[in-house]
Amino acid sequence: MFTSVDDVSARLAETGYLASPAVATTVFLAARLGKPLLVEGPAGVGKTELAKAVAQVAGARLVRLQCYEGVDESRALYEWNHAKQLLRISAGRDESWDETRTDIFGEEFLLPRPLLTAIRGDEPTVLLIDETDKADVEMEGLLLEVLSDFQITVPELGTVTATRRPFVVLTSNAGRELSEALRRRCLFLHIGFPEAELERRIVRLHVPGLGAALTASVVRVVGALRAMDLRKVPSVAETVDWAHTLLALGADTLDEAVVQDTLGVLLKHQDDIRKATAKLDLETL
Amino acid sequence: MSDVAERITSLVGALRAHGVRIGTGESVDAARAVETLGLADRELLREGLAATLLHGVGQRAVFDPVFDLYFPRGVGGPDGGPADRAALRDRLAAALAADDPAALARLAAEAVDGLGGYGSSPESDGWSAYQTLERLRPQTLLARVRADVRGRGVSGAGFTDRLLDDELRRRIEEFRRLVGAEARRRVAERRGRDEIARRAVRPTADRVDFLFANRDQLAELRRAVRPLARKLATRLAARRRRAARGTIDLRRTLRSSLSTGGVPMRPVLRRRRPARPELVLLCDVSGSVSGFSDFTMLLVQALHDQFGKVRVFAFVNRLDEVTGLLDHGRADPEGLGARIRAEATLTGWHGSSDYGAALGEFAERYGSAVGPRTTVFVLGDARTNLSDPNLPAVREIAGRARRAYWLNPEPRAQWGTGDSAAPAYAELVEMHECRTARQLSGLVARLLPV
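For the record, the sequence lines run as chains P and E. The numbering of the first sequence is our numbering, which starts it at 33 and goes up by one. The numbering of the second sequence is our numbering, which starts it at 3 and goes up by one.
Check before you lean on any hint, since a few could be wrong.
To be verified - Below, computed lysine to aspartate or glutamate pairings styled on EDC-like, alpha-carbon distance capped at 16 Å:
#1 P/K311 with E/E323
#2 P/K116 with P/E139
#3 P/K311 with E/D167
#4 E/K233 with P/E163
No lab work stands behind these hints: they were computed from the structure.
Please put together the full structure from these sequences, using the hints given.
Okay, here's the thing in structure tokens:
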């Protein structure tokens, strides 16, 4: 899929995803070693975007399994199409029960869900298992077979093995500690907040209309906010939103009034806004 | 390649010694990663090994210094003669002003080489980060660098200028870290890597002893409170779900079996009364154990929506309720300890802790806070400064509460030594050793009522 780490960064950059060296290295290794990639990090640093960008680069189909509390086998793996099975039974009246039974548990009556779809396909596939930490512990058990051997066992049919291994990305917000068994089957990547230089490039890529000096100031203010002890520090997504806001307001430099008016774009808790206002001396107005 | 294999296995060994669980499978993956990435680029190698060997964010703090020891940036000292202090300071100021990480790393190596060496005999000599930083005093460069940056006008006048000081402080902090890593590397060349990796690398924050944690580590622990509370909340919820699948209600099972001809087709489970448990925390906040108490108070406060009522009391030798100070929103974790000591009446006519008096005062003044639904936690080292431990008061509290536990931040071996009344209290109240955040979260998940 990729020839070198630099190749990964260059091709991801073409799709509009600027990867840090850590991200590029790990993606390269995941592709080379054929192991799933577990991505952790705060909300809004581009975990899901990474999977989409990889899919775009590799020209692969993106299959997405969105996890939530209570997601189960029939939502993740496969389900039998009961209505169709009933129709089949009532349609074929003259055959013996044995014939019918072998027939209704065939591929035709199987409804594939994301995991089975990703395993069965012949074309290159990127499988995104989003917000794995939201799913129950039982769900992790289901994932183990898929992640280590890239196969799924359907009791009535036998084992379906991947002809072409999908590139698997799991994301997690660390809302719950994932089990050790799941972790050791994956390469681990933590995406944190980017360095100032990388963040400037990200802002410039997404909001090209903003001047270079203002972009630098934006990134510095966000960096200062992240160093504070806040309930929810602003993430890359918020930085980009803020840049958009400033562009829309037509601001060409940052001053107290502009920052105070737009702080709500960056911080989502009243306590945080109060604290940041105090620390940045915004009340001197 | 065998040298690399040996180096990876000893790196893995050092990480395991720090409590990072790594299996053979991961070691093999790490070796494959090295094979794929090559040894040319050290930073790529670092990321590759981290991706294959680590399983969590917290482990990264241990991994980086250990990696620096086993895959050092260079061998021996930097080229060129010994640098003198004034010239080093000049160049450091320039590098800080320019925010040039590569130059900072180079300067750290030169500084340790020029200023950090001590001793002359081959047995006792070494390299000291502390001595290097004492002689170089990078923190005193702040004003000079600030003037330099302002003079060049790159900082952009006006609003962002006020951020400059903090940014420079962070760069200086980074330089101090680099000096520490460099000194460790130089010592490791002399003394053998394995020993330095075991001794000189700090453990992860959740394994730091509460009683010996420094300011940075306590700050790191405070930041970990919210994610930890979220994890514990899910664990408590799971316990609650399991507990809800209770025992069979025989009367209602038989009653419902009448409709199926007396055959109990569907067992009916006893319903649990949805009583929200109440929690009372008694915290010793005297100097010796305040780090432990502050952390536990914050953790319990973050879990407050799991309980019907949480009341927190702090004491040194007098006791006062501090529940209000911990309110959501008001709780500024950093200043919590100072605020409690400023706003609550905790000491009488002397400043050292007195468990007997404080617990007696609790039983007397706030006895009604403890009822049959209340679980009481006492946090403290049970060191009474040789005053009366007041066992009847403890017996009274424990007798009235549904459950009572004592969390002691001292190692079990030290209970009962000196002025510790731990064994006497442990006879009345279930006492647990609780030295690290890891132990605490285990205990909280197990002991908290659901």
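Now the hints, each set against the structure:
The straight-line distance between the Cα atoms of P/K311 and E/E323 is roughly 30 Å, outside the 16 Å bound, and the hint therefore fails. For the suggested pair P/K116 and P/E139, the alpha carbons sit about 12 Å apart, so the restraint of at most 16 Å is met. Between P/K311 and E/D167 the CA atoms are separated by roughly 13 Å; this keeps the pair inside 16 Å, and the hint holds. Among the hinted pairs, E/K233 with P/E163 is consistent with the structure: their alpha-carbon atoms are about 15 Å apart, no more than 16 Å.
Hint 1 from the list above is the single one not met by this structure.
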